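S.K.: Here is what each chain is made of, one letter per residue.
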Amino acid sequence: DQQVKQNSPSLSVQEGRISILNCDYTNSMFDYFLWYKKYPAEGPTFLISISSIKDKNEDGRFTVFLNKSAKHLSLHIVPSQPGDSAVYFCAASPGALNFGKGTSLLVTP
Amino acid sequence: DAGVIQSPRHEVTEMGQEVTLRCKPISGHNSLFWYRQTMMRGLELLIYFNNNVPIDDSGMPEDRFSAKMPNASFSTLKIQPSEPRDSAVYFCASSGGQGNTGELFFGEGSRLTVL
Numbered sequence: 054d055q056q057v058k059q060n061s062p063s064l065s066v067q068e069g070r071i072s073i074l075n076c077d078y079t080n081s082m083f084d085y086f087l088w089y090k091k092y093p094a095e096g097p098t099f100l101i102s103i104s105s106i107k108d109k110n111e112d113g114r115f116t117v118f119l120n121k122s123a124k125h126l127s128l129h130i131v132p133s134q135p136g137d138s139a140v141y142f143c144a145a146s147p148g149a150l151n152f153g154k155g156t157s158l159l160v161t162p
Numbered sequence: 025d026a027g028v029i030q031s032p033r034h035e036v037t038e039m040g041q042e043v044t045l046r047c048k049p050i051s052g053h054n055s056l057f058w059y060r061q062t063m064m065r066g067l068e069l070l071i072y073f074n075n076n077v078p079i080d081d082s083g084m085p086e087d088r089f090s091a092k093m094p095n096a097s098f099s100t101l102k103i104q105p106s107e108p109r110d111s112a113v114y115f116c117a118s119s120g121g122q123g124n125t126g127e128l129f130f131g132e133g134s135r136l137t138v139l
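Same order as they appear, the protein sequences are chains D and P. Note that my numbering has the first sequence beginning at 54, numbered continuously upward. Note that my numbering has the second sequence beginning at 25, numbered continuously upward.
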């Protein structure tokens, strides 16, 4: 039973536009959320995180928003670049990270 | 600093054979995780260790799977006997140490194909 869900398997965005990746979770005990980025033939790498005491965290072009009442978080990438094309995983803790199935982002020139 | 090191990177074997995947975590990290990635299920946690002790193995699919961590710098994931449905990419990750933020550091994965 997946406790972290990414319902969009893929997303295509034009370069320069905003990419919005969504994630829902079911376990109200989760208090720390992370986004990972994965290129083909590589392991996932950490991108950005947010604690449940915040509703927004920003790092350069990447911003994560958390809506605890809706048990929803989103990753915004502005502006999107072709190098952002990858699979993005949402994850939640405590304990071992629970991952979603991932969203494959394609940024076209 | 060396990252998480996994071997082999690729393994092709026949059904019924034993498969052993290996992992060396980042030095100083005290938690180690084994994940499996498939198209259907995404990244699934199989088992994780804290200070070499298995904490949660509820994700291990069945008795054919076993994992050990004999010391802080080495872990194995064994599948015996292997089946075609075990074909996936297996990732090892570690975390912990000074300044721990809960972030996991992943290896490059071991791609297993069982024919």
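Certain hints may be false.
[To be verified] Negatives, chain D to chain P, calculated, CB over 10 Å: (1) Ser61; (2) Asn80; (3) Leu87; (4) Glu95; (5) Ser102; (6) Asn110; (7) Glu111; (8) Lys121; (9) Leu159.
[As the list claims (entries may be wrong)] Which chain D residues face chain P? A few, computed with CB under 10 Å, are given here: (10) Lys91; (11) Thr98; (12) Arg114; (13) Phe115; (14) Phe118; (15) Gly136; (16) Ser138; (17) Ala149; (18) Leu150.
These are calculated hints, taken from the structure and not from any lab test. The model shown is predicted, which means the values in this text are computed figures rather than measured ones. The beta carbon of each residue, even a glycine, is placed where N, CA and C say it ideally should be.
S.K.: Each hint: holds or not?
M.R.: Comparing the hints with the structure gives:
1. Ser61: 13 Å, holds
2. Asn80: 14 Å, holds
3. Leu87: 7 Å, violated
4. Glu95: Its Cβ does come within 10 Å of chain P, the nearest being 6 Å, so this is violated.
5. Ser102: 7 Å, violated
6. Asn110: The assertion about asparagine 110 of chain D holds, with a minimum of 12 Å to chain P.
7. Glu111: 17 Å, holds
8. Lys121: Nearest chain P Cβ is 18 Å from lysine 121 of chain D, so the label holds.
9. Leu159: Answer for leucine 159 of chain D: holds, closest chain P Cβ roughly 17 Å.
10. Lys91: 8 Å, holds
11. Thr98: With a closest approach of 7 Å, the threonine 98 of chain D hint holds.
12. Arg114: 19 Å, violated
13. Phe115: 15 Å, violated
14. Phe118: 19 Å, violated
15. Gly136: This interface hint is violated because 19 Å lies over the 10 Å limit.
16. Ser138: With a minimum Cβ separation of about 18 Å from chain P (threshold 10 Å), the hint on serine 138 of chain D is violated.
17. Ala149: 5 Å, holds
18. Leu150: 6 Å, holds
When each numbered hint is compared with the structure, violations occur for hints 3, 4, 5, 12, 13, 14, 15, 16.
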